[in-house]
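Chain order of the listed sequences is B and X. 193 is the number that my numbering gives to position 193 of the first sequence; each next residue is one higher, with no gaps. Positions in the second sequence are counted from 1; adding 1000 to them yields my numbering.
No lab work stands behind these hints: they were computed from the structure. None of the values given here were measured: they were computed from a predicted structure. All residues carry an ideal CB built from backbone N, CA and C; glycine is no exception. A hint or two may mislead.
To be verified - No farther apart than 30 Å at their CA atoms in a straight line, the calculated lysine-lysine pairs in the DSS-like style are these:
#, chain 1, residue 1, chain 2, residue 2
1, X, K1040, B, K280
2, X, K1281, B, K370
3, B, K347, X, K1347
4, B, K280, X, K1371
5, X, K1372, B, K280
6, B, K372, X, K1083
7, X, K1370, B, K281
8, X, K1040, B, K40
9, B, K265, X, K1137
10, B, K204, X, K1204
11, X, K1292, B, K265
12, X, K1347, B, K364
13, B, K137, X, K1265
14, B, K83, B, K364
15, B, K370, X, K1280
16, X, K1204, B, K203
17, X, K1331, B, K347
18, B, K371, X, K1281
19, X, K1203, B, K204
20, X, K1280, B, K371
21, X, K1347, B, K331
22, B, K265, X, K1265
23, B, K347, X, K1203
To be verified - Computed, partial: chain B to chain X, Cβ under 8 Å:
#, residue
24, Q164
25, F165
26, H206
27, H208
28, Y211
29, H213
30, V236
31, T247
32, S279
33, N284
34, A285
35, G287
36, V289
37, A291
2 protein chains.
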Amino acid sequence: MDKKIRLGVIGVGNMGTSHVRHVADGRCPAFEVTAVADLKPERLEAAKELAGEIATFTDAIEMLDSGLIDACIVAVPHYDHAKYAIECMKRKIHVMCEKPAGVYTKQVREMNAVSEANPDVVFGMMFNQRTNCLYRKMRELVQSGKYGQIRRTNWLITSWYRPQFYYDSGDWRATWAGEGGGVLLNQSPHQLDLWQWICGMPKKVHTHMQYGHWHDIEVEDDVTTYVEYENGATGVFITSTGDSHGTNRFEIQMDGAKLIAEDEKLTVLEFDEFEQEFSKKATNAFGSVGAKELEVELDGENPQHIGVVNAWGGAILDGTPLVADGKEGIKGVTLSNAMHLSHWLGKEVEIPFDEDLFYDELMKRVAGSKKKENVREAVSDTSGSY
Amino acid sequence: MDKKIRLGVIGVGNMGTSHVRHVADGRCPAFEVTAVADLKPERLEAAKELAGEIATFTDAIEMLDSGLIDACIVAVPHYDHAKYAIECMKRKIHVMCEKPAGVYTKQVREMNAVSEANPDVVFGMMFNQRTNCLYRKMRELVQSGKYGQIRRTNWLITSWYRPQFYYDSGDWRATWAGEGGGVLLNQSPHQLDLWQWICGMPKKVHTHMQYGHWHDIEVEDDVTTYVEYENGATGVFITSTGDSHGTNRFEIQMDGAKLIAEDEKLTVLEFDEFEQEFSKKATNAFGSVGAKELEVELDGENPQHIGVVNAWGGAILDGTPLVADGKEGIKGVTLSNAMHLSHWLGKEVEIPFDEDLFYDELMKRVAGSKKKENVREAVSDTSGSY
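From just these sequences and the hints, can you work out the full model?
Dropping the structure here:
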């Protein structure tokens, strides 16, 4: 490779630092880190220790205007994801946006519109879990049509445990003003995206959630959502940061198969025929269709963030596919917004919902958001936590 | 044993026939079948083939008045469970009632009042799943207090598959008039009872359900319920008769442990300390409390219906404990009634709920219940189906 893509990173907290490290370690060979921006000078120094003599900025816009970068990773708190992504695109700087795409769909729509207007800018979303061979295989099987339609989806994703220290480690964390929500905005965006990526978007959402149920925080740390899909299928999505040893079990029941992803293992039970065909013919009141467990071949690849960044590099240099197009980020935000709105209204919400109403309701909570006391600043090792 | 308890069975369809067989085969040595009652003469003949020269009645009351029986199993359609249990108790005939205890709590309260007035009559409920060592151990662990309080309960019990033939095999099946509901009244009463037996009763119930989603029936065959408990814990209960290879996975998250019952295996992850204690002290934002998987010793006993009947015999002869006191049947009926009422009202229902309202709403549906066409009578082998 003759020339590397000059990479800037906006925000070098937990995630941004991790991205700088990956590039500095040579694991994203299309890139070289040339600049970073952060409000906190000590974080800029820490980034220099990882990446050597790079330019540093306390003002991200100055970095974007510096001419030092061709591409930029946006790793700031969620409210500013869309804002900085837009600033990048307007300057023809390729952008990789951390999840979630934004806090509310209105701002994500604006970002997507700017992306539409700048098709030469490569815009990706950091949905690193889409690189997991497990979920890629699930999607392939579900979307292939060979098993008919989905009937029931069930994701118990409570393995996002966080002790109180996590929430105390940043003044923006788990506040309406700083994050715009809790587990739905910070931890679960991965699964919200995978859920819709594999099974499609539901039509109706009914959510129960608890604020500060397990922690001293003002936003949700426990969520149970029921959904219905266009075809009448139903689903449940349960997430929490309070279960010290939670579960990650994703089951999809289809006309012709049952798929379960649990503990990094995919189990596929393939039926001899679609249930509805069997049911019509059966003459034993307690019979069931024959089935066999498949030996599922996974390709074993699970490159996570590095894979997302490398695919982005390929897209910039050679037009090869992204892991996740940036514009797809709106789907997960739609889901989390619908869940919050359902809880706020105390009723089922249909998708599409009233996005202005959501925004107004969110802003009420932002206005009442309390400033945190006793914040204990820390950049923690995020290995294995996303 | 000098003298056997003379047993009558009201209703010798699938379940009643199975009880006659167990006693005739000598697996319930305290009992001998002396009489059976059923509206259908051909079923009486079939019972005679199993049990030899027994008295048969097409009128159950005549059997109760005959002086031929000391104890009676009630295995008729659900609406008549309470009615016949009451008729037994009034005649000082010990009674074992099939689940559910009734279709609506009002009738179950009446039955329980008659039981209170007749303490010398041994009244048991056929909660055969309570004999399963798996659930007995779960209950022991949860109720012991050593793991603190429950936080989240999650039962995916979709392994109740029934093809259309099952529903076509009886004109009372899966009708408002005949059963008063679907999967909640017929298949899931076992798990509704175990759920409350192990975890206690919830305070709030919010249910989504579908009628005839997978079958040509007028009642629910797919149910998703969200509950909240007094202590703030939440739960989900999902059941269906449409998943040809469904799941039976029951997870309980507690302060100090996670318990999972799946595929007749109990897994217990015991935490080094309660999560809330760990959370207060932790200084790693992504840390979690230590935990170890226990080697759970089960006694291996799972005598099911035979165990329930034998315990009932012991209670009659020697005053030893029942598997399930008949009066406890009201708890599962309360749960299923709350679920239906929540669906009918389209909102959350608090327990206790308005039982008159429930009854009125049920009777509206009974009034609109359609007579089934194309009924294909059959008595099927129920082995492994309950």
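Violations among the numbered hints, reported as their numbers in ascending order: Hints 6, 8 and 28 are the ones this structure does not satisfy, whereas the remaining hints hold.
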